[in-house]
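Undergrad: Work the whole structure out from these sequences, hints included.
For the sequence shown, this note's numbering begins at 90 and goes up steadily by one.
The hints are simulated quantities; they were obtained by calculation from the structure and are not laboratory data. Accuracy of the hints is not assured; some may be wrong.
To be verified - Pairwise CB distance ranges, derived in the manner of DEER restraints: (1) S111 to Y396: 51 to 57 Å; (2) Q399 to D329: 19 to 25 Å; (3) P128 to A212: 32 to 38 Å; (4) G148 to P128: 20 to 26 Å; (5) D329 to R416: 41 to 47 Å; (6) D329 to I375: 34 to 40 Å.
Claimed, not checked - Pairs of lysine to any residue residues, derived as SDA-like cross-links and limited to a Cα-Cα distance of at most 25 Å, are as follows: (7) K118 to D108; (8) K381 to L316; (9) K230 to A448; (10) K137 to A114; (11) K232 to K137; (12) K137 to I112; (13) K230 to E110; (14) K137 to P339; (15) K118 to P106.
Remember, it's a predicted structure, so these values are computed and weren't measured experimentally. All residues carry an ideal CB built from backbone N, CA and C; glycine is no exception.
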Amino acid sequence: MSEAFITATAAALPNAPVDNESIEAVLGKIGGRASRARPIVLRQNGIKSRHYAIDPASGLPTHTNASLTAEAIRALARDGGFALDNLQCLATGTSRPDQIAPNHGVMVHGELGNPACEVVSTAGVCLSGLSALKYAWLAVKGKEAENAVATGSELASAIMRAEYFSEESAACVATLGTQPNIAFDKDFLRWMLSDGAGAFLIEPHPRAGQVNLRIDWIALSSAAHRLPVCMYMGGDRDADGTLIGWAEFPPGQWAEKSIFALKQDVKLLDRHVIEATLEAPLAALIARHRLKAEEIDWFLPHMSSNYFRQPIADGLARAGLPIPFDRWFTNLETKGNMGSASIYIMIDELCRSGRLASAERLLCYVPESGRFSSGLMQLTVV
Numbered sequence: 090m091s092e093a094f095i096t097a098t099a100a101a102l103p104n105a106p107v108d109n110e111s112i113e114a115v116l117g118k119i120g121g122r123a124s125r126a127r128p129i130v131l132r133q134n135g136i137k138s139r140h141y142a143i144d145p146a147s148g149l150p151t152h153t154n155a156s157l158t159a160e161a162i163r164a165l166a167r168d169g170g171f172a173l174d175n176l177q178c179l180a181t182g183t184s185r186p187d188q189i190a191p192n193h194g195v196m197v198h199g200e201l202g203n204p205a206c207e208v209v210s211t212a213g214v215c216l217s218g219l220s221a222l223k224y225a226w227l228a229v230k231g232k233e234a235e236n237a238v239a240t241g242s243e244l245a246s247a248i249m250r251a252e253y254f255s256e257e258s259a260a261c262v263a264t265l266g267t268q269p270n271i272a273f274d275k276d277f278l279r280w281m282l283s284d285g286a287g288a289f290l291i292e293p294h295p296r297a298g299q300v301n302l303r304i305d306w307i308a309l310s311s312a313a314h315r316l317p318v319c320m321y322m323g324g325d326r327d328a329d330g331t332l333i334g335w336a337e338f339p340p341g342q343w344a345e346k347s348i349f350a351l352k353q354d355v356k357l358l359d360r361h362v363i364e365a366t367l368e369a370p371l372a373a374l375i376a377r378h379r380l381k382a383e384e385i386d387w388f389l390p391h392m393s394s395n396y397f398r399q400p401i402a403d404g405l406a407r408a409g410l411p412i413p414f415d416r417w418f419t420n421l422e423t424k425g426n427m428g429s430a431s432i433y434i435m436i437d438e439l440c441r442s443g444r445l446a447s448a449e450r451l452l453c454y455v456p457e458s459g460r461f462s463s464g465l466m467q468l469t470v471v
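TA: Given below as structure tokens:
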């Protein structure tokens, strides 16, 4: 059976790292007031620095999502010795493209300017990057393409700047006669998310003299049949939790209610995320692939916050795959939570660390709280 390998990796991180004390200076203060949620969230999430596609002096954006993704792909081509003119398949994933239409992938293709190729985009939240990788992997493995590039990218800062919430803040003042903080389900995400893009080159054969990662399997699953919406953007929930799409709101409410802001039900997340996105799907995969904890050399979890570190470890143990912390790899502290790009940038950093050895196995875990979807992937070092 044919195989497919990650033969090159790259990352694009915009501008200099931003530390915890500088976040609000870059993103701005909503209504001119410091966020009460910021110190609480930062204390729990364990993130010490992150990147924003914002000029800290002017407050203006320095990249679009498409241009940042293209930057990662150009780095991939440069460092991997790959000619973009030969690219056959481009698969992109992101939580928030620069526009509703056309799709993110064709905008990236336009930025690159390489000749005609197959282009596909996957939608969603954190899992969209791994979904794009699965498409690229299957395209090469199925001999539909001789090579493919997969990407995950995020430009969360575009919807986290203070001015993005100014009309909601003003509406609250007019209605309540006070200057409240915006709802916690919106505000806490301003201190959780970062910007970045990652890219992988997928080819049918490993390259000699370098680290290659054979993609053994990628398993995606959804628990939407039994769980409600948890993270959403471009809509709002009614009293019974049903998601109402943006088109059902009058245009005047789009800004007043911050309809296009990213929101998350943290109580729902806490109750279900480990069981629905890790324990249940992993238990099935352990049986299917005969997984054993002692045969996993590296565990790469996409964690939105260090708060979930111990719950993830407990979930692994309950599923029957207890992997000790000394075999975990994460860069959450220094790179932050980059959503769909996080797994790309983690793998890129580990590949460049010099710590990987031939035949080692990597188990990657990407949860998505949108409606509790999950991705698990096994890679083998070649």
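Undergrad: Please go over all the hints and tell whether each is borne out by the structure.
TA: Verification of the supplied hints:
no.: 1; hint: S111 to Y396: 51 to 57 Å; in the structure: violated, 22 Å
no.: 2; hint: Q399 to D329: 19 to 25 Å; in the structure: violated, 33 Å
no.: 3; hint: P128 to A212: 32 to 38 Å; in the structure: holds, 34 Å
no.: 4; hint: G148 to P128: 20 to 26 Å; in the structure: holds, 22 Å
no.: 5; hint: D329 to R416: 41 to 47 Å; in the structure: holds, 43 Å
no.: 6; hint: D329 to I375: 34 to 40 Å; in the structure: holds, 36 Å
no.: 7; hint: K118 to D108; in the structure: holds, 16 Å
no.: 8; hint: K381 to L316; in the structure: violated, 29 Å
no.: 9; hint: K230 to A448; in the structure: holds, 20 Å
no.: 10; hint: K137 to A114; in the structure: holds, 15 Å
no.: 11; hint: K232 to K137; in the structure: violated, 43 Å
no.: 12; hint: K137 to I112; in the structure: holds, 10 Å
no.: 13; hint: K230 to E110; in the structure: violated, 46 Å
no.: 14; hint: K137 to P339; in the structure: violated, 40 Å
no.: 15; hint: K118 to P106; in the structure: holds, 19 Å
The structure shown violates the earlier hints numbered 1, 2, 8, 11, 13 and 14.
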